[in-house]
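J.: The residues making up each chain are set out below.
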Amino acid sequence: MSFPWLTAALLLPIVGSIVVMAMPKHGTIGRQAALGFSVLTFALSIAVALQFDTGEKGYQLTETHAWISAFGAHYALGVDGTGLVLVLLTTILVPVVIVASWRDADVGRWSTNAFFAWILALEGLAIGVFSSVDVFLFYVFFEATLIPIYFLIGGYGGPRRTYAAVKFLIFSLLGGLVMLASVVGLYVQSAKLNGGTPTYLLSDLHPLMQDVSTSTGRWLFLGFFIAFAVKAPMVPVHTWLPDAADEATPGTSVLLVSILDKIGTFGMIRFCLELFPEASRWATPVVLTLAVISVLYGGLVAIAQKSIPRLIAYTSVSHFGFIVLGIFVMNSQGQVGSTLYMFNHGLSTGVLFLVTGYLIARRGSRQIQDFGGVQKVAPVLAGIFLVGGLSSLSLPGLSPFVSEFLVMTGAFVHNWWYAVFAVFGIVLAALYILLMYQRTMTGPVTPAVAPIRDLDRREVAALAPLLALIVFFGFFPKPLIDVISPAVETTLTQVGAHDPSPAVSPGDVPAAEEAHE
Amino acid sequence: MELYTPVIALMALAAGFAIFSVVVSGLTGPKRYNRAKSDSYECGIEPTPQPMGGGRFPVKYYITAMLFIVFDIEIVFLYPWAVYFDEMKLFGLVEMVVFIATVFVAYAYVWRRGGLEWD
Amino acid sequence: MTHLIFTKAGEADLNGPFGNDPLWVVLLKALMIFVVLVLLTLFNIWWERRVVARMQHRIGPNMHGPFGLLQSLADGVKLALKEDLTPKAADKIVFILAPVLSVVPAFVAFSVIPFGPEVRIPFTDTTTQLQLTDMPVAVLFILAISSVGIYGIVLGGWSSGSTYSLLGGLRSSAQMISYEVAMGLALVAVFIYAGSMSTSQIVEAQKDIWFGLILVPSFVIYVIAMVGETNRAPFDLPEAEGELVGGFHTEYSSLKFALFFLAEYINMATVSALATTLFLGGWRAPWPISLWDGANQDYWPFLWFMGKVLVFIFFFIWLRGSLPRLRYDQFMAFGWKRLIPISLGWIVAVATIRAMTLDGGVDRQTLLIAIGVVAAITLVAFFFGGDYEEEADEETADAFDPYAGGYPVPPMTAPAYSVTGRTVSHQTSNQES
Amino acid sequence: MSATPFLTLSAILFTIGCIGVLTRRNAIVVFMCVELMLNASNLALVTFSRVNGNLDGQVTAFFVMVVAAAEVVVGLAIIMTIFRTRRSASVDDASLLKY
Amino acid sequence: MNAFDTPKLEYFELSPLLVVFGVALVGVLVEAFAPRERRYLLQTAVTVLGTVGALVMTVLVARDLKEYDGARGAIAAMGAIAVDGPSVFVWGLLLVLSLLSALLFAERQLDGGVTAFAGQAAALPGTEAERQASSQGLEHTEVFPLLMFSVGGMMLFAASNDLVTMFVALEVFSLPLYLLCGLARRRRLLSQEAALKYFMLGAFSSGFFLYGVALVYGYAGATDFAAISQAVSGRVGGEGLLLGGIALLAVGLLFKIGAVPFHSWTPDVYQGAPTAVTGFMAACTKIAAFGALLRLFYVGFGGAREDWTPMIWAVAIATMVVGSLFALVQSDIKRMLAYSSIAHAGFVLVGFVGLYSGGPDSVQISSLQAVLFYLVTYGFMTVGAFGIVTLVRDAGGEANHLSRWAGLGKEAPLVAAVMSFFLLGMAGIPLTSGFTGKWAVFTSAAQGGAVPLVVIAVVLSAVAAFFYLRVIVQMYFADPVGEGPTIAMPSVLTAVVIAVGFAATLLLGIVPGPILDLAGNAGSFIR
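Chains as they are written, first to last, in our numbering: chain F, 108 to 624; chain V, 5 to 123; chain X, 40 to 472; chain A, 7 to 105; chain Z, 107 to 633.
In case anyone wonders, no lab produced these hints; they're calculated from the structure.
For each residue, glycine too, the CB sits at the ideal point set by N, CA and C.
Among the hints, erroneous ones may be present.
[As the list claims (entries may be wrong)] Listed next, the in silico DSSO-like pairs over lysine-lysine satisfying Cα-Cα at most 27 Å (straight line):
#1 K35(V) <-> K376(X)
#2 K41(V) <-> K131(X)
#3 K117(X) <-> K35(V)
#4 K131(X) <-> K121(X)
#5 K274(F) <-> K516(Z)
#6 K121(X) <-> K64(V)
#7 K516(Z) <-> K93(V)
[Claimed, not checked] Taking beta-carbon pairs under 10 Å as the criterion, some of the chain A residues facing chain V (in silico):
#8 G26
#9 A76
#10 V79
[As the list claims (entries may be wrong)] Each pair of labels, with its calculated beta carbon distance range:
#11 L613(Z) <-> T10(A): 54 to 60 Å
#12 T169(F) <-> G340(Z): 31 to 37 Å
#13 P113(Z) <-> P314(F): 46 to 52 Å
#14 G30(V) <-> D368(X): 47 to 53 Å
Please work from the sequences and hints to get the whole structure.
T.: What follows is the structure, encoded as structure tokens:
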């Protein structure tokens, strides 16, 4: 048996979290250890990525152990392209967040160590979520991630953080429990279809679920979908996100929006689509409509926001609308785009949250009206903010552009009406990003803004990798697309959808080349 | 049921007699009102307005009553056992010894804790 | 549980000769019992007074009727002519009901006492048992019925609204229930040997030998308990004239009082009759007479039965004439700490003996172990018994409350109590010297 | 003899007990009502015992009496403690624990 | 004259029961004969050793269960007791939990060297006698024998195979509990009131139970479950008797479970009783009562399931709703836990009503298995949580008001963390046993076709999660009011209880397999 890479990647941060917790409370040893662990985890994830064979379909690096036989649950890990990308996103963002939040937790209610320990715990659980190939295991990780993020929001951040934390948790729990009903239903169905032996293993479930009765399948699908919709904040169950993002520290917001919310869209692909193809097709029109509404609503509301984090949160609602749109158009362009979008959105939103976080910390206010002329006193900050903003509005040459383009293509292929409406989202994006930039960075320097320092080296160092990646993948998205495409194909086969036109999937050909090399 | 008819007959007879006596005594006796006569009798001293403690019983009697219940119940179980002892033989003996020993434990507890003391 | 116990008591054979009498026979027998009991009471009162008088070198009632035999009747008439008082503190309804409640059970208990075997009613062809009725649980019935009588006493004491009555009623009932336990336990051995609780069958089982002879401890315990049960001297504490002015019936007068009195004497007769039935062979003729074949037939057994009952009555009177009254705590302690454990131990012993005689092949080892366990427990209990240091500590630790229980009581430490006579004299002698 | 009258009586007694528990306010009375319910059950058990022609019901009644007695012992002890504390046996007075 | 069968007893199979009752009697003797100053130690030792001994016997019995009519077990004591897989499982569980409770009972470090029980129950609160009793260090070591009697009754309750035994067992375990409830050292009045209420309502409900026994006896002509089951399957007239009987029996059992509408005693009693007793009561009573409920309804009334399932549906829904909603507005931690226990009862009822027995050789989770497993998880969490409640104190004893828990996360991070863990467990968050337990009952119910019920249960468990969160919020996100609570340093006894509860909650959340399999291997009821 080969080395359990994924288990290692999952356990390392969790062990790290315990170690950090045990560190002395004073000094920076705790956060140094946290950084060390996160970097190690990153290294491990790179190792995982290196072993990943882009030519193969299905899950790789799998580990399967029987866990709870009565539940039909397994400890089964494995990654496909989508999973791997998200694991990588996680391991990249966590060290960045740790560096960026170096002093953020000092003013929190509890010790700094606890903050970093929670972050590491969250990282481990998130890796678990992205790499589990057993529904039960997934559910366990899915719900378990709530605990660290709950404490991160509630323990460190703005004055109304308690409210925000509880609101977040209630929404997520409600969604999670609805999903629990479906998980339970899945068990019943699997046992029925599998001759009395229940199973949660995805590989077992895929064939079994083909035979599930239409109405049952739809009900189960709904349970999963609602949970994921809450998670990837879709209108109308998105209201927890702005509050949470507003109150949390920037680091927490990054983790929340860039990593945790991806679980929702990730889940839609892996569970909604793959397990319940019939139901997915049945639900497509509604979902797509909701997605478009998210896009537009998120954009419109973002423009109206007065608080910077809230604004960014609403942009995310809009972006998640795109992602869901891409997922449910049921063609390779859309899905590849969506998966890529998840990654890129993680990077760009990460930059935005972190950089505005610096800004807010310096000024002591998050109201847009309190700023003005920042680019004169802190040009580096303003520059990075601009890059992040531009990437968020999908400027060509920056990575989100590729994904958004693919999603739009997919949408056009599916039904151009959706695409037409979604295009307005892009326009709105330009509007809210540029408006925000204009109001905060340009113009005369207000007295309150005048003493603001520019970014120091640590802060720049934290952001630099993200910027680099944004630019790199903006010009050269191929490695990612290579990884993603086989997974998307599998998904589409499972769903039974075919690309309506001869495949122009940008991923297909290069992927083959890659394999030859 | 017929076994109990005679009992009822005798009971009716006795009750008739008793009620008759109670009624008759009211008719035959003289009636001379006197305030002191209708007071409670307390050897001539001014009677307490209410019997002690407002008609409540001292706690001691309560304990006695509890103990009585315990043992009366033991007896209730001993009777059928005794009647059928010949059929149960050794089993009956052993079980009843266990039973009696169990009750005895409670008894010992009460005794040691002074539940059987009167002053 | 389907066939655990009682299945033997199938109804058809259990009724036996009972329950088939025509109504007039039933009424006749009931009336006879009633008359016999009333007469017996009148006689007993007279007899008691005569015997006690003789013991005290007096003459006793001798004016009314031959030997004063009508004295009790005269007393009854006199009582009927007395004023019927009801205290104003009394609960009227209960106050009137209590004597009735007391006297009815006393009569009813006699309904299952066998006076004799099957006889022919004179002037008719009807034969019937010389017993009003019988039932498989007859003895239990008697115990139950006599317990009802206690209600009469408690309620009588309580409803009078007087402290003396209340205390008397309480004491009386406490005493009765205490000794009822011992009494009940004493009967168990009889049931083991008779295999029945039906009075007629118990008498039947004593054809060969009276249980009073083979179950001596039971008999003795029963006799002691029956004296306690009937509130008779030396256990007549509830009536304790010196302390309680007559006990629960302090406030009763006229015929209501007479009813309590009647109930007490009938109860005396009841327990005596029960003793006779259970231990002295019931209506069976005593030994030398039993050699005569006709002794246990016709109405003769009634004679033997009444004779035995009167022996017990005499015993009651004798006790009253010769023994002083016990202190209340001694009395209760005797009942709870001596009679009950001894009865229990005796039951186990009887059962063991019976099991061994029934089944020669009893596993002796098991038996010995069982006996050993019981003996050990008993021994331990008695070894530790009698030493209540800790509870005593608690009591002395309590601050003295002179109003405890609602009455001003001088504390034991008060000067008048704290020094005994001897020390007083000692001190005085010191002062003198 | 028909069992119906006995069962009816038993049901009536049970109902009286039940209503008593719900409406009366004195702890002792409530308690007595509970005992009434138990005894109503006993009556039903004994009646059914006769109807069914076996003795299980009577044996059960035996056990019920035992249990009822034990309950009396414990119950009176509790009621007495409360009573001594509060000088009242009203159930309503025991209201410290109201929500 | 009928033949008379000499009864016989299966001493080995009944040995756990015999040991427990024997230990209780020994406890009484210790009380009677041991000198006062040595009683505490002796009683603790006797109780602990006795429980462990009974546990060992339970294991031995469990290993030795023979085949019986398609399941494993034996009918003991002339049909009065069924020693089968579920019985033995429940016995083991009860014994373990009562062992933990006994440790809580024995704790005397929290309150300045005395136990949580009144020095002298008979002394009036606030009088000289009471002060003296406490200053002399008197204590009621009788609580240990009472505990054992109660445990014995519970074990008998869950294993009883006829209604009479069940009724007797019901009382045997209830009566000591009534007394234990009234023995709190602090807040005597509350405690006494709790005892009174518990007793009154308990006696009331057992009255119902008994009348149910009478009716079912009238219907079936016997009181043992086999005969009842036969009569129920045969359905020979007398519908009214049967249905009335089922309803009344259900009242009695649901009362003990604390199901709505028979729950009203729960909050008051839980709040008033000494916390150690509350923990014991909350965990063990429920387990025993569910054991009995399962046996009675599955074995005895299995043939009439169409008749009683709707009733249990309604009760389950009402229980979950009331438990969850009322818990939201509680301001006392013990009351909140009481309502939480009501909600849990509702969740277990959901599993119970699923009525899914699984195929002959399928590995699907059966209702019985699910309910048993849930009880395990619930029991450990509850005992652990109440163990923690005893630790949070202020000058007046335990600080049970929620506002007093504010800032506990800063004050005592470890205690707060463990408590949070228990609360998360009760809320059913993954990686705790609460989740696996909930999952099990929901699944079995879904398999039995009770899908709507499962959906309702899921929604309500979200509501329930909210009030658990409130406590966590209070502990971590709120600032202490005034002085703030103090955490008493527990002795090793309470620490062990909490640690065991924590470990069980964690382990059963991560690797529930062994216990689930154990519950599955318990097999089915015999009759």
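J.: A separate judgement is required for each hint: does it hold in the structure or not?
T.: Consistency of the hints with the structure:
{"no.": "1", "hint": "K35(V) <-> K376(X)", "result": "violated (49 Å)"}
{"no.": "2", "hint": "K41(V) <-> K131(X)", "result": "holds (16 Å)"}
{"no.": "3", "hint": "K117(X) <-> K35(V)", "result": "holds (15 Å)"}
{"no.": "4", "hint": "K131(X) <-> K121(X)", "result": "holds (19 Å)"}
{"no.": "5", "hint": "K274(F) <-> K516(Z)", "result": "holds (23 Å)"}
{"no.": "6", "hint": "K121(X) <-> K64(V)", "result": "violated (37 Å)"}
{"no.": "7", "hint": "K516(Z) <-> K93(V)", "result": "violated (70 Å)"}
{"no.": "8", "hint": "G26", "result": "violated (22 Å)"}
{"no.": "9", "hint": "A76", "result": "holds (8 Å)"}
{"no.": "10", "hint": "V79", "result": "holds (5 Å)"}
{"no.": "11", "hint": "L613(Z) <-> T10(A): 54 to 60 Å", "result": "holds (59 Å)"}
{"no.": "12", "hint": "T169(F) <-> G340(Z): 31 to 37 Å", "result": "violated (56 Å)"}
{"no.": "13", "hint": "P113(Z) <-> P314(F): 46 to 52 Å", "result": "violated (59 Å)"}
{"no.": "14", "hint": "G30(V) <-> D368(X): 47 to 53 Å", "result": "violated (40 Å)"}
Checked against the numbered hints listed earlier, the structure breaks hints 1, 6, 7, 8, 12, 13 and 14; every other hint is satisfied.
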